[in-house]
Every structure is written in structure tokens, then in C-alpha cells.
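Chain by chain, the residues:
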Amino acid sequence: MVYDLNTYFIWMNEANRELNKNQNLDCSQNDAVEKILEDNACFFKMSKEDAKKLLLTCGVEEQFLPVVYEGCIAYKRFKSLVECQELDVNDPELFFIYDENGVLQRKR
Amino acid sequence: MIIVSEKQVKGRLQDGLDTIFSMSDDDFNEMIQRLKRGEFIMFFYLTDDCEIPNGEPHIGVESNMGKRSYFGGERIPKWEFWNKLQEVVKQKGRSANDKNKANIILDACGLSSFMECYARNKQIPLSKVEQAFNVLLDEKVLYAFLQTSPSMQDICVDGKTYNKRDVFEVLGSIFKCPTTGKFASFDNETSGFLITNDYILTENYTKLYNSPYNLDRFAKLEYTFNSMLDSNGMLITRVVDGEWKLNDALRFAVYDDMPEELTTEEKVFYIYAKLCDLLCYEDDVARIEGRRVPMDERSEFNKEYLECVQPNSQVICYEFSRVCAKFLNELDGVTAKVLAQGMVEGHFVVGCYTDNISAYLEAVNVSGTANMNDLARAKNKLPLEGVMPVSDKYRLINRALEKVYPCVYGTPKTSIEEYLKKINLQKQPPVDFESKIDAFVNVLKNNNVCGNEGALTFNAFKTCGFFGQNVEAVYIGERSKSKSGTFYKRKILVRQENEENPYLIDVVNLTSRQLDVEEVKQKLQSGEYVYESDTRKLKGVENGL
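If you read the sequences in order, they're chains S and W.
With the numbering used here applied, the first sequence covers 172 to 279.
With the numbering used here applied, the second sequence covers 6 to 550.
Keep in mind the hints are simulated off the structure, nothing from the lab.
Yeah, the Cβ is synthetic: ideal placement off N, Cα and C, and Gly gets one too.
Check each hint, because a few of them may be wrong.
Partner residues are not named here, just some residues of chain S that face chain W (Cβ under 8 Å, in silico) [said to hold, decoys possible]: (1) S199; (2) Q234; (3) F235.
Looking at chain S on its own, in the form it has when it is part of the complex (with noise of 0.2 Å):
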């Protein structure tokens, strides 16, 4: 089965909320985290600031963001999420766009 770059985040997020639960850290960051991977396009709905502290909240490592942000937000998966209609190109509440030549626009 080939899992969404989400569901792993999900993951990591969910292994990431045990360390901290362990550590006796609030955890209610990890359910805002949780709750907004779970739309799949959520990358392309937020800035890359917020994208960045999402990603470190949910255990990515801050010298790994610039590699994976850009999977995040990869022409590809911007494509395979409009055919499986999880984006909506007229979707007011997104942040980046891929125009028709492939070029990311941020659109607020």
C-alpha cells in the first residue's frame, strides 16, 4: 500500500505525541497537528512558516525542512491531489497554487 506523505506525518506525530506525553510535555499541540494533516492538501493552505513549525512539531527534524517541505508541496502531489479530488482548485482557504505551467503562485 503506498501511503500518502500525510499519513506519515500523522504517524510521526502520533510517535511524537508518546515522547512528549512521556516527558509529561502538553500534548495539545500534537491534536491541533493531527487535526490539520488531516486534510491532505492542508500544504498547500498555509504559509511556509506555519508549514515549518507544523512539520517540527510533529518530530521532523529542522535540518530536514527544506527536503521535506518541498514534498510537501510538490507539483506532483499537487496534481495527484486535484485528480483524487482532495484540492480544490477554487478553494478560498489555499495559500499556494500551481498555475497550468506548473509554477507554484501563492495566492494570498
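Since the structure of chain S is already known, use the hints to place chain W on it.
Frame of chain S; chain W shown alone:
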């Protein structure tokens, strides 16, 4: 009942009493029988106004078919009459005859007579009335009632079983709803002085009324909406509502998502809210036999139209009420009635009650906030305003509404932005490598991910840096033998930079443990472990010992 005295001597009441004490046995016995039936008493003089002055005068009890038909006399409260009788009983020097007759009269107006009279008028067994009063009169029984749960289950005291519903029906209909300092039935002749004016009795009833029992169910006429009949209202009850069926599509839409664990009252408001959400209001018209007519004409039964009411159908108050009442009457423990209101009885609402609550449901109401009726409010996911409680002792209605709103309207979607606001990066203390490995394996277990998918997940975690930087991971095969020959189980060896001893992750059995590097070397040497790839080997452990 009229008592006629010859002329005014000591005052109307005192003269009347003297007449009673001196009247014939026949008259006295007739008076006693009529007092037992709860009749009130008026005192007249022969000289008073009457409709038939030429009628034969009679001193004593004027028969029902009175010869003279007196009118205009003052009606004396019974309690004044009884107070006078009690004075006679206590009065020194009073004749034994007077005292005896006074006692007979007081006895005739006592609780026993009242209970007999009540049972006869209501056509219920006397034992049922006696049982009800026993609850008020017997402190032990009353205490047992006050201590038990407010359910309607029978209660047993000293081997005697009390049917709560029977008890409350009797007491509720007699005493009604007590208000501070005064009973509704205080001056009610049928209740009788000795009952209503007895402090112990009334206080005990108040205790019962204020207990967790919902006596409104029995004491308030409007609870069951029967009061509508008194005001010439129209009632459509379950009995007369059996001639049509609910539309299947509407039934499915209402019941499909209804949570199973709802209480009776929650089901009522779920259905009401759901219908408000599903149906649309058709403005300015009503229907009579399929014709569109102005709203001021009264709606009539139209089987064909009612059976066609489905999701998104346009309805008016009449159709909504018929459909809603029909749904509610399908629920156990719920009674719903369609009530016609207004000057020409042209507006329809639902009256609905359970053992706990009673309320009007007025979906098409324009008196709410912003002149929106409940059909419009539901579509805008707003709290409904057409639910008007008649009785809600346990405050169930608002709680039930609050519970069903998310079920009907859906949980409000929180935007990503809202969730993002909750994320504030917190400084995380360093976590040891082993804990990370354990957390990873637990995630695989929790999500039933294993085998190759487990290995892919490991890769994803590693690529994201979950295990930290400079983590070395290689795939190995662990030799295993079976009847069919030798095969290799895929496992992962992983370790941090500067760590010599790796962890072995079994992505099939979902376990992990730390190995001694020498043990790894030995197993590589013996062929128990083999690297999957010649190019991906642990540094310093390339070839075993």
C-alpha cells in the same frame, strides 16, 4: 343546597344552623347525603326573593326541584360553616342533640366522604383514592416516596405496593400545582375544607410536588394539551392520525444518522431539528385539497400531499406539524398532538410530552430573533427558538437541544488557521535514541503496519530526521529455516553516529532490541545475518569478525 330558615334572628349562618339542628330527620338525612356528594350550602329566609313566591314554603332543606326557587342569597364559604360547627361541638351547655348533629355534619364533610365522592365522580376505584391519600397521611409512606428515585416504578412499603402513577394522578388532579401560600383548590368545594385546610396534608403534598417527581405531568391540564379542547381548539391525536404514511425518503433522511444512544427527550428534539433542517417553508400559501390558497384559509387533511413530503419539500405550518407529530408518535414514551391555534384556527403547532417534559414545537414561528422561523434557523445552524416548554422540571429541554445540534448540524469545521494558532513551538528536551525507536515501533503496532510497509514507514521517519541526524540504518536478512528450506526475514539495523551497538528492528513482529556489535559481527560471520545490499553496510561491521 339551600337551607331555609323562617326569619332573620341571629344572622344568616347562625339562623341556618339553628334550623339544621331542629329540622326533621328526613331533611337532616337528605342534607347529609348531599353534603357527602360535595354540594355547597346557601342559607335563605322565607322572606328572601324567590322566583315562585306562591310556591309552598318549607323550612329546612329545599329540595332540588325547589318549590320557591330562592335567589340572590349570599354564598357562605364552607369553612365558615364548619368553623361554626366546631364551635358548637366545643360549646359548653350545648345540647347533646346539637353536638351530635354537628359531629355528623363534620364527618359527612370529612376525608372519607370526599374520597368516596371523588372516586364516584371520576369513576375510579375508591381504593385508588385511598392509596393516594395514604401517601400524604402516612409519614412512613410519604418518606419512602420522597426517598426513592423519580422513576414511575411501583414502590412497596410494609408489604403494600403503591402505583406511583395512580397516586400522582389522584393527588395531582385534586391539589393541582401548589403556589406559595395558597393551593389552587383551597376554596374548591369538591376538595372540601377538611382536606385543603389541613396544614399537614397540604404541606405533605407540597413536599411531594417539590420532590424530584414531575407532578406537572398530573397536575397541569396543559401538560397533555387537553386544555386546547376547552378553548375550542382542534386536536389531531395519534388515534385519528393513522390514515396516512410518512414518506420513505423523509423517514430515511431523519433516521439515517440518528445516534442510537439518545434519550427519549433527545430523540424528540433530534427529529424536530432534523425536520427543520430538511424541510423548507413555503411562504404565503396554504393548501386545501391540493389547491394553493391564501394563508388565512384553514388547512385541511390532504393525504397525497402529506405522503409526498420528502427532504427539501416546501411545507407550511400545517404539513410540518402533521409530519413532525407523526414521527414523534412513533417513539416510545412520547405523545404528540397537532394543535390548531389562532383566530380562525389557521396556525398549527405540535404539542409534545413525555413523562419528563411537555413542550410546544412551533417550527413556523416568526416571533424569534431576526424574524426567522426554525426552518430558516436550522439551515443557518442557529439555535432553534420554536421550542416552548410547558413543563421542564429537570431542565432537560435545553440540554437535549444542545446535545442534538452537533448531530443535526454537524460539528462546526475548524479551519486550518484556527488549529495553526494552537501550535506554538515548545523547547523539547533531548530524547534518547531508544525512546524514539520504541515510539516508532509502537506507532507501527497501533496502526497495524508491518512488513514492507513498516520498512517504508521507517524510511519516511528517517528521511524526516525523526531519529535525529547522522543515523545509520541498513537492511539485513536474518536466516531462518523451515521444512521448505532456508529463508531470510527482513530486519533493520539502526544506530546513531558514535554509537557502536545498533538496534535491531523487526518490522514483521514489531519488536526492537539493542544488540552488542560483537554479536552482530558474529552473526554476520556465521551467515545468520546477511546484508541486503553490498553497498549498504554498517561502518566497521562490513564483514563480520
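Going through the hints against the structure:
no., hint, result
1, S199, "holds, 7 Å"
2, Q234, "holds, 6 Å"
3, F235, "holds, 4 Å"
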